[in-house]
Structures are given as C-alpha cells and as structure tokens.
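Using the hints provided, position chain Y relative to the given structure of chain C.
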Amino acid sequence: MFYIKTLYIRVVSLTIFLLMAAFQNVIALDQSISTTMNVTVTPVFSIGFYSDANILYSITVPFSDVDPTKSMVYPNGRSENDGKSDTGVVCVSNIGDAWYLKIQGIYSEGIPDAAVKYYYDQPYNRNTGKTADGSLAFNVGWRPIPKEATTIYTAGNTDSVNTPFGTLSTFSFAVDPRGLDADKTYTVSVTYTMTTAP
Amino acid sequence: MRKILLIGITAIFALSLAIANVYAGTPQTIQTTVNATVGSTFSIAFETNGTYVSYPGASGLTAAVDPASDLNYLDNHSTLKPDIGIIVKSNENIQWFLKTATAGGSLAGKLLYYLPQPTVDGTVTNGTLTNPVPGEGNPWPKIPNGTIYTSGLDKINTPNGTYFGMSIGVTGSGLAPGSAACNLIFTLTQTP
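As you go down the protein sequences, you meet chains C and Y in turn. Going by my numbering, the residue at position 187 of the first sequence is 177; the numbering climbs one at a time, nothing skipped. Going by my numbering, the residue at position 65 of the second sequence is 83; the numbering climbs one at a time, nothing skipped.
So that you can see chain C by itself, here it is in the shape it has in the complex:
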C-alpha cells in the first residue's frame, strides 16, 4: 500500500512537472503601461502673405513701364501664361467656422474703374496638396478689383479647419492702360480680408 501511495505521489509530481514545463513554452501574457496626454490648443485665425519661386511679389506689385499701345499689361517680370502669380495669401483657421476671403481696391485719383484687374483661381489646401474644397464667388477670369470689400472665396468643409499649413490663394494683376495719362503714377491699394462674416 505504501508502495502504491508512493508511486501515485511520484506520478502526480511528474505530471505537475510536465505541465509546468509545457507552460514554459506558452507565449507570455502581454504587459502594458499607459500614460495620459493633456494639451491646450490655442485658436488661430490668420491671413498672411506667402511667396515662393512662382509667387513673385507681396506688398508691392510693380508696373514700371506700361506700354500704352497694349490693352493688357502685366507686372514687371511677368508675361501671359507664364505659370507664375503676383501675390499669394495663406488663410489659417482652426476655429471651426466657415471663413470668407474678400478683396477690395482703393484707387488713387484718375484711375478708371476697370483699369486694374485681378485673376483668381481655386485656392490650394496646403495640408493636402490639392485644390481646396471651398467655393469661388465668381467664374475664373480677369475681373476689376472691386472698390468695396467683396467675397471671392468661401471655405469648404475641409479647409474650414486647415491647420497647420492653411489655404493658399494666389493672385495675378494686369493693367489696361487705355485712359491713363502718360508719365503719371497710379496706385491701387489691394486689401485682402479673412472673415467669418459672409
């Protein structure tokens, strides 16, 4: 009887040992640790000039030598369909509201209303590298710079919040010299406004 009990104990011990050995080969349980991040995000609603190799100017667009025999004169260093722009503005917002880009021209004395025109096309979302999803107010083409602040672009769903890199709008300008006096300097101050007011 003692022998049988001893044998039984030894068999049980061996079984336990084999089970322990088997568990050594089982994948260990995952171990995890965690922490919490807390941040404060400041609001941003801004407009600023942008320039690169294809956007030539910002605060001054020069027309140094306007040829009066032409009906469309481009700024210094520009020519028709040259793939460049005169100015670029970047609008950045994270406030979540739709925003509007407006343009207004303040003309010096003696400039006919249609003498200075601008060209504006669909802007770019600099975060995606694609055209922005907002709406142009007018068809693409040359238009006189309005004397009243006028909406030219309404942000879309994607670029209403367009951080960190914003939405880039580019502009080209041209002068129709007909009606302009020779040897006289004319000025149009162009104001770009970013606003949440339509």
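These aren't lab readings, by the way, just hints derived from the structure by calculation. Note that the coordinates shown come from a computational prediction; the quantities given were computed from them, not determined experimentally. Backbone N, C-alpha and C define an ideal beta-carbon position, used for all residues, glycine too. There's no promise every hint is true.
[Said to hold, decoys possible] If we take Cβ atoms under 8 Å as the criterion, some of the chain C residues that face chain Y in the derived model are:
| hint | residue |
| --- | --- |
| 1 | Ala18 |
| 2 | Thr32 |
| 3 | Ile85 |
| 4 | Asn117 |
Using the frame of chain C, we list chain Y on its own:
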C-alpha cells in the same frame, strides 16, 4: 631483537611511504550539485529617474499646442534628454515587440514620436525600429497603433533590460481650440 627492530623500522618506513603517496599522489575530489530555478521575466515599466528623462514615470505629459505648427514639443521637453523612458525586460528567449496605441479623446492620432535605437547596458541593440530616426528638420512619424520596435539579440536582455528613450510631439493639424487629451499605451508582447 635487531630483526624485530629492523622489521618494525621497515614497517614504519613502508607505512610512511604509503601515507606520503596519499598526500602527494592521487587527486582527491568531492563534489556537490547546484540546482537553480530561474524565474521568468517579461516586464515593461517607465523610467522613474528624473536625471534621465524629462517626465519621470511618464507622468503629467502636457503641451501648449500652436495649431499652425506641425510639431509641438511637450512643455518640459529638453534637447538634453528624452521626454520619457521605457524599460523592457525579458529572459524568455522569444522575440518580443514593443507596441504603442493612442485611445480616447480628440488627441488620438495627433501624437508624434522621436525614438532613437534603444540600448542594453549602454550598447545599441540590433533590433528593428519600425520607423527610422527622422533626420534634423524632418517630420516626426505619428505614434501608431502598432509595433514600433522588434527585438533582436535583446530578446534576452536581463538583468537591466532594453532601454527606450522617447520624445513626444503633437501636431496642430486639425485640432480645435481648447483642451484635448488621450491615453498613450505601451505594450510588450510576443505577438507580432
């Protein structure tokens, strides 16, 4: 008498020789057996020494985020040491993986990381970083929901473990103004 004396002397001499052989001849050995049971180690922990990291225990991670920036550092970020440290220990002799995940809150998916090659006892490991270390001025990769490191020879790295020194950033992309938060989870696993 003389013979007895001679025999006695001889016997004594022979006995002396025998004793001498015992001391100067055949090696005598004894032995014992050492039995050791080695415990299994498979653990992960944050570095708690503030000398080595800006956030001991990875506690109190905060940042003031400029949404116009695609990389915002943590408030106590230093160029002299990583933000947090993670220590992984294993003697299981099985390849292991360090994984990350972000969960909860509007900050999930907005966290970036900078992780150089980890070390064991000060020597860089030969394990594999999922994302190579970004060069100066290059963007940091996003903290993924997945593997960031696969062990090499450091699948056994006891007693001191494999040491990861990581810095964390936040992209301002798409974040609304105000507060944002999320949980950042590190998992040590043998599952790829």
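Query raised in the report: Among all the numbered hints in the text so far, which are the ones the structure does not match?
Result: none
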